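*Asks:* The chain contents come next:
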Amino acid sequence: MATKKSAIDKNIAIELLRKMLTSRKFEEKVQYYFSLGMIHGTTHLSIGEEGTAAGTCGALEPQDQIYATHRGHSQAVCKGIDVYKMMAEIFARANGVCKGKGGSMHIADKDRGVLGANGILGPSLALACGVAFAHKKRKEDIVTVAFFGDGASNEGVFHESLNLASVWNLPVLFICTNNTYGMSTHITKVMKDTDIANRAKPYMIPAKTIDGNDVWEVYNTIKEARKYVAEGNGPMMIVENTYRISGHSKSDGNLYRTKEEIASWKEKCPIKRWKEKLIENGVCTQEEIDAVEKETTDLIEGAVKFALDSPYPKLEDVYNDVYAD
Amino acid sequence: MATKKSAIDKNIAIELLRKMLTSRKFEEKVQYYFSLGMIHGTTHLSIGEEGTAAGTCGALEPQDQIYATHRGHSQAVCKGIDVYKMMAEIFARANGVCKGKGGSMHIADKDRGVLGANGILGPSLALACGVAFAHKKRKEDIVTVAFFGDGASNEGVFHESLNLASVWNLPVLFICTNNTYGMSTHITKVMKDTDIANRAKPYMIPAKTIDGNDVWEVYNTIKEARKYVAEGNGPMMIVENTYRISGHSKSDGNLYRTKEEIASWKEKCPIKRWKEKLIENGVCTQEEIDAVEKETTDLIEGAVKFALDSPYPKLEDVYNDVYAD
Amino acid sequence: MGKIEMTYANAIKEAISEEMRRDQNVYMLGEDIGVYRGAFGVSGGMIDEFGPERIIDTPISETAFVGCAIGSAVAGMRPVVEIMFSDFMAVCWDMIINQAPKMRYMFGGKVSVPMVLRTASGGGTGAAAQHSQSLEAMLCHVPGLKVVIPSTPYDAKGLLKSAIRDNNPVMFLEQKLLYRTKGMVPEEEYTIPLGVADMKREGKDCTIVTYGRMVHMCLAAAEAVSKEGIQTEVIDLRTLLPMDKPSIIESVKKTKHLIVVHEAVKTGGLGGEIAASIAESEAFNYLDAPIKRLASEDVPVPFCPILEKGVLPDEIKIAQAIRDVLA
Amino acid sequence: MGKIEMTYANAIKEAISEEMRRDQNVYMLGEDIGVYRGAFGVSGGMIDEFGPERIIDTPISETAFVGCAIGSAVAGMRPVVEIMFSDFMAVCWDMIINQAPKMRYMFGGKVSVPMVLRTASGGGTGAAAQHSQSLEAMLCHVPGLKVVIPSTPYDAKGLLKSAIRDNNPVMFLEQKLLYRTKGMVPEEEYTIPLGVADMKREGKDCTIVTYGRMVHMCLAAAEAVSKEGIQTEVIDLRTLLPMDKPSIIESVKKTKHLIVVHEAVKTGGLGGEIAASIAESEAFNYLDAPIKRLASEDVPVPFCPILEKGVLPDEIKIAQAIRDVLA
Ligand SMILES: Cc1ncc(C[n+]2csc(CCOP(=O)(O)OP(=O)(O)O)c2C)c(N)n1
Ligand SMILES: Cc1ncc(C[n+]2csc(CCOP(=O)(O)OP(=O)(O)O)c2C)c(N)n1
Ligand SMILES: [Mg+2]
Ligand SMILES: [Mg+2]
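Line order of the protein sequences matches chains A, B, C and D.
Reminder that position 285 of the first sequence reads as 285 in my numbering, one-by-one numbering, no gaps.
Reminder that position 32 of the second sequence reads as 32 in my numbering, one-by-one numbering, no gaps.
Reminder that position 141 of the third sequence reads as 141 in my numbering, one-by-one numbering, no gaps.
Reminder that position 157 of the fourth sequence reads as 157 in my numbering, one-by-one numbering, no gaps.
Any given hint could be a false lead.
[Said to hold, decoys possible] Restricting the straight-line Cα-Cα distance to at most 25 Å, the calculated cross-link-like pairs of lysine-lysine (PhoX-like) are:
1. B/192 / A/227
2. A/192 / B/227
3. D/204 / D/253
4. A/189 / B/192
5. D/204 / A/314
6. A/192 / B/250
Simulated from the structure, these hints should not be mistaken for laboratory data.
Model, not experiment: these values are computed from the prediction.
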C-alpha cells in the first residue's frame with residue numbers, strides 16, 4: 001500500500017492542528033494540576049505523541065469507534081470526546097464522562113465513539129474485534145480502532161486478536177503507537193525485529209510503519225486504511241512511530257533515557273513540525289495558527305474551570321452502575 | 001536450513017522403528033482397555049503421529065527435556081519413559097509414573113526428561129522457556145523441547161513464549177505437531193496462512209515445515225536443529241505435518257472429516273512407510289523388522305500385565321504431594 | 001401446562017435455541033460447538049438450524065473470543081460464549097474479572113455487557129486436576145458478575161433464558177456429570193429469575209444449603225436420614241451471586257442447624273461465604289450447633305477414581321454430616 | 001541484637017538481596033525492575049549489585065515470564081518474580097492456578113516449584129478498578145499455593161526470606177500503601193516461619209482477625225476504643241494459606257467476640273473462610289455475639305477519592321464495628 005498524499009486541505013490542516021493543540025494543552029493542564037496534588041491517582045501523558053492521535057482519529061468517520069490505551073487522553077480528545085466532561089472526570093467529579101468512577105486510565109464515552117481506555121495492556125485488541133464483529137454483522141459502515149503500544153504488542157492477546165480479526169475478516173484497524181519504550185524498557189530489549197509491522201504478516205494482515213510525528217502522513221495513511229477496512233477487506237495494522245516526551249506516569253525518574261534523546265525528539269515534536277509545514281507550504285498564515293492556539297487555550301481553560309466548578313460524586317452513588325437493570 | 005539426510009544407519013533405523021511401534025502398540029492397548037471401561041477418564045491418542053514423536057525424541061540427547069502435549073503418549077514413550085510405569089499410570093495405579101494422580105493427560109517423569117504433558121493448551125511453551133533459561137544459565141548442554149499442536153498455536157502464550165525465547169536466546173526447540181485439526185476444527189478455519197512456520201518469522205526464529213510422517217526426515221531435521229540450538233544460537237521451530245488417525249479423544253464421532261480422508265492418511269502411516277523404506281533401501285530384512293514387532297508387542301504386553309498387577313493408591317495418599325517440604 | 005422429559009444438556013440447548021429464535025442478537029461462539037456439537041454435545045444440531053453465522057466455531061484463543069463476545073455485547077449483541085471446561089477460564093481470566101464486570105462501573109454506567117459465559121464445571125469424571133475444578137467461589141468475589149449453577153433440566157432452562165436476557169455478564173456453570181441426567185420441563189415457555197433459591201426438599205430439623213450436582217447428593221442423603229426420623233431441608237441456591245440470603249436465613253431460623261455442601265475444595269470455597277453470612281445474620285442466635293461445611297478435600301483433583309471419590313463429598317458423607325450436626 | 005529502621009519496600013529488597021547473596025539460584029524477573037527500580041521502587045539499586053543477569057527486565061508478557069519462572073523453578077532455580085499490580089495476575093492466571101500449584105501433585109511428587117511471586121496489592125491510591133484489587137481470597141482457594149501478606153517491614157523481611165527458601169509456589173502480596181511505612185528490623189539475619197499468625201495487640205474483650213494494611217487500621221481502632229475501656233486483641237494472619245486457625249480459636253475462646261477485617265470486597269472474601277472456620281470450630285460455643293465481617297463494599301474500586309474512601313474499611317468503621325459487636 002503506497003499512501004498517496006494529496007495537497008494539504010486547509011480545513012483539514014486546521015482541524016489536525018486543533019486536535020493536537022487541544023490534546024497538548026489538555027495534558028499540560030493535567031500535568032500541572034497533578035503536580036499541585038489537585039488531581040488524584042496516576043496519569044499517563046502522551047505529550048509528544050499527538051500526531052498519532054490527531055492523524056488517526058482525524059481520518060476516521062464520526063460513527064467509528066476507538067479503544068484507547070492507558071496513554072489515551074489525546075486519542076479520546078481527538079476522537080471528539082467532550083473535553084469539559086473529560087477534564088471533570090480526571091478531577092474525579094460527578095459531571096465527568098464516567099461520573100468520577102473511572103479517572104484518567106478509564107476515559108470512555110460510547111456516544112462519541114470512545115469505547116474506553118484500559119488499565120490492562122492488551123484486552124482492547126480483542127474487545128475491538130467484538131465491536132467490529134457486531135458492526136460487520138449489522139452491515140454498518142463502522143470501523144473499530146484498537147490503539148496499543150509497542151510494549152503491549154508483547155502480550156499474548158495481540159496474537160490471538162490479530163488472528164481472529166484475520167480469519168473472521170473483521171473491520172478492525174489496529175494502531176500501534178510505537179514510542180520505543182514500555183515504561184523504561186526499550187523495544188530492542190524485548191523484540192529482536194523491532195519493526196512491529198512484521199508481526200502482522202503471519203496473519204496476512206496488511207501492515208505499514210509510518211512516521212507518527214508527521215500528522216499529515218498519519219492522516220493520509222489512516223484515510224486509506226479506513227477505506228480498505230470499511231470496504232470489507234478485513235483488518236489492517238498501522239505502526240505509528242513516535243516518542244513520549246513526558247515521563248511514563250506520575251513517577252518516572254527518566255533513568256532509562258538521556259536528556260539528549262528527549263531533547264532530540266522535542267525537535268521532532270509533531271505540533272511544531274506541523275506548524276512549520278503549514279507555513280512553509282503556505283497552507284495557513286501565522287495569524288491563523290495563533291488563532292487556533294488561542295481557541296484551544298480558551299477551550300482547555302474552560303474545561304478546567306468547568307471541572308473545578310463541578311461537584312464531587314455523592315457517597316451513595318458508589319453503588320450505582322455496578323449492574324445494569 | 002537445508003537438512004542433509006545421511007545414509008540410513010541401521011541401528012538408528014531400528015531404534016526409530018522400535019520407538020514408533022512401542023508407541024503404537026502402547027496406544028492400541030490403551031484404546032482397547034479404554035473401550036472395555038478398564039481405563040478411566042479420557043485419553044487423547046496419537047495413532048498416526050508416531051513419526052513426529054519418534055523422529056524428534058530419537059534425535060535428542062538423553063539429558064534433553066521435553067514438554068509433551070495432551071496427545072503426548074508417543075512423545076513420552078519415545079523420550080524413553082518407563083512404559084511399564086506409564087501404563088500403570090494410565091490404569092490409575094500406585095506404581096504409575098505419577099502415582100496414579102495424573103493419568104493420561106499428565107504423564108511426566110522428570111528423571112527421564114519428560115517434564116510433563118499438560119491438560120491446558122499453551123503453557124508448556126512458556127514453561128519450556130524457563131527450563132531452558134535454567135540450563136542456559138548453568139551452561140549445560142541441554143535442549144528443552146516444547147511440543148504443541150496446530151490448534152494450540154492460536155493461544156496467546158505461543159506469541160509470548162516465542163518472543164521471550166527469541167530475545168533471551170534460549171535453548172528451546174519448539175515442535176509443532178501439525179495434524180491440521182484442533183478437535184474438529186480444520187486449520188483453514190482458524191488461520192489464514194496455514195504454514196505455521198511463518199509464525200516464527202516476526203521473532204526471527206528460524207523455522208521449517210517438514211513431513212512429520214517421514215520419520216527419517218524428522219530425525220535428521222531435529223538432529224540439526226538440536227545442534228543449532230545447543231550451540232547457543234537461540235530457539236528454533238519445526239513444524240511437523242502429520243495426521244491423527246484416531247479420534248480426538250474418547251468421544252469423537254468424526255463428523256468433521258470423511259472416511260476417505262482418514263483412509264488416505266492410513267496409507268501414509270509413518271510406520272508403514274518406514275518399514276517399506278527400510279526394506280527398499282536394504283537397511284533391514286523383514287526378519288529384523290518382525291523381530292522388532294515381536295519385541296515391542298512383548299514389551300507392551302508386559303506393561304499391561306505390570307499395570308494390571310499393580311495396586312491402586314491408598315486413600316490416605318490423597319494428601320501427599322500437594323506441598324513439598 | 002404440558003411437560004416433557006429432557007436431559008440437562010438438551011434443556012440448555014432448548015434455552016439457547018428459543019432465545020436465538022426470539023432475538024437475532026443472540027448468538028453462540030466457542031470451540032467446536034458446530035459440527036462437533038461441543039465437547040459435551042450440548043449444541044448438537046444447532047448449526048443446522050441457525051447456521052455457522054450464529055453458531056460460531058472459534059480458534060483456540062479463549063482470550064480473543066471471550067473478548068470478542070464482550071465487545072460484541074458492548075455493541076448490542078447478546079453472545080452466549082462457551083468455554084469448554086471451566087478450568088480454562090484461567091487463560092482468559094482478565095476478560096472475566098477485569099473487563100466484562102468492571103466496564104460498566106468504570107465508564108459511569110454508559111455501557112452494558114449482556115453476555116452469558118457457559119462452561120462445564122466439576123469433577124468425578126477422572127479428568128484430573130486441570131479439567132475437574134469447581135471455581136465458582138472466585139467468580140462470586142467479583143462485583144459486576146452474576147453466577148449461576150443449575151442442578152436440574154428445569155432450572156437449567158429457566159435460568160439460562162433469564163441469563164441471556166439479563167443485561168449483565170452472567171457466568172453459567174454447568175455440571176459435567178449432570179448433562180445426561182433427565183427431568184421434566186414445561187412445554188410452554190418459562191423463565192426462572194436469577195437470584196432466587198429453590199427449596200428442593202422441605203424439613204424441620206436441619207438446613208442444607210447447596211447447589212449444582214451436590215443438590216442430588218444432598219437429596220439422597222436427606223432421604224437416607226429421613227428413615228432415621230431426621231427431616232432435612234435442602235436449599236438449592238441456583239444463583240450464587242447475587243445470593244438469596246433471606247431464604248437461607250428463614251430456613252435456618254426454622255431448623256436451627258446449617259450444613260453447607262459444595263464440590264469445590266473447602267478452603268476459600270463459597271461455603272465460607274454462606275456460613276459467614278448466616279453467622280453474622282439474625283439467624284445466628286437460632287443456631288443450636290456450629291455451622292458445618294462439607295466440601296472437597298484441599299487437594300488438586302486426583303486422577304485415580306478411588307482417590308477422586310475419596311476427596312469429593314457424596315451422599316454417605318453428607319448423611320453422616322447431618323447426623324453429626326444433630327448429635 | 002541491633003535494630004535499624006527501614007521502610008517496608010526496603011525490607012523486601014533486603015530480604016531478596018540477602019537470599020541472592022546466599023544462593024546463586026535466586027534471581028528476580030519482572031517488568032521494569034532494573035534501572036526503573038520497579039513500579040514501586042522496591043528493587044532500587046539491585047541491578048548495580050547483581051547485574052542484569054540476575055535482575056531481569058522482561059517483555060510485557062506476564063504469561064511467558066511467570067511460566068518461565070515456573071519452568072526455571074522446576075529446573076532447580078529459585079525465581080522471585082514480580083507482577084507489577086496484583087490485578088495483572090489475571091492475565092497469567094492459568095500459570096498461577098493451573099500450572100505452578102498443580103504440577104507437583106499431578107506428577108506424583110516428582111517436581112517442585114520453589115517460586116515466589118511478588119505483587120503489589122490493594123487500593124487507596126486512586127488508581128481505580130483495575131489497579132486496586134485485593135485478590136487474595138481467590139489464591140487461597142488453590143491447594144498447592146501458599147499465600148502471604150505482610151503488614152510491617154519486620155514481617156515483610158522475615159516472611160519473604162522464608163518464602164524464597166520454601167519449596168512451593170508462594171504468592172507474596174505486598175501492600176501498595178505500606179511501601180513507604182517504616183519499622184524496626186533486626187540487623188542480624190532472621191526468618192519468620194510461614195503459617196504462623198502474630199498477635200499484634202493483646203486484649204480480652206474482642207478478637208479482630210486481619211492482615212496487611214488493615215492491621216494498622218485495626219490497631220488504630222483498638223487504640224481508639226481502649227479509651228472506652230474495650231480491650232481488643234488484634235491478630236495479624238501474615239500467612240493466609242495455610243492459615244493459623246489455632247491462634248484464632250484460642251483468642252476467640254478468650255474474648256468471645258470475633259470481627260474479621262479485610263480490604264477485599266466482602267462477598268467471597270477471605271472473611272468468609274475465617275468466619276466459617278471459627279463458626280465450625282470448638283470456639284463457636286464460646287461466641288457471645290455473631291461473627292462480624294468488615295470489608296470493602298461489593299463494588300469495583302471507584303476512582304474518585306471520596307467514593308474510594310467510602311468503600312474501604314477504615315479505623316472509624318472498625319472502631320464502630322467493635323462497639324457494635326460488644327453492644
Ligand atoms: C497486563 C499489564 N501489564 C503491565 C501493565 C503496567 N504497564 C502500564 S503501561 C506499561 C508500559 C506500556 O508500554 P506500551 O504498550 O509501549 O505503551 P506506552 O506506555 O509506551 O504508551 C506497563 C508495563 C499493565 N497496565 N497491564
Ligand atoms: C486452553 C485450552 N483450551 C481448550 C482445550 C480443549 N482442547 C483439548 S485438545 C484441543 C484441540 C487441540 O488441538 P491441537 O493443538 O491442534 O492438538 P491436537 O489435539 O490436534 O493434537 C482442545 C480444544 C484445552 N485443553 N485447553
Ligand atoms: Mg511504548
Ligand atoms: Mg491439531
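*Asks:* For the pair supplied as a hint, residue 189 of chain A and residue 192 of chain B, is the alpha-carbon distance within the 25 Å limit?
*Replies:* 30 Å, violated
*Asks:* So if I understand the rule, the pair passes when the alpha-carbon distance is 25 Å or less; does residue 204 of chain D with residue 253 of chain D pass?
*Replies:* The hint holds at about 10 Å.
*Asks:* When you check the alpha-carbon spacing of residue 192 of chain A and residue 250 of chain B, does it fall within 25 Å?
*Replies:* Violated, because 42 Å separates the two Cα atoms, which is more than 25 Å.
*Asks:* If you draw a straight line from the CA of residue 192 of chain B to the CA of residue 227 of chain A, is it 25 Å or shorter?
*Replies:* Holds, because 22 Å separates the two Cα atoms, which is no more than 25 Å.
*Asks:* Hint check: residue 204 of chain D vs residue 314 of chain A, CA-CA at most 25 Å. Holds or violated?
*Replies:* The given pair, whose Cα atoms are some 39 Å apart, is violated under the 25 Å limit.
*Asks:* Would you check the hint for residue 192 of chain A and residue 227 of chain B, treating anything up to 25 Å between C-alpha atoms as holding?
*Replies:* 22 Å, holds
Comparing the model with each earlier hint shows violations of hints 4, 5 and 6; every other hint is respected.
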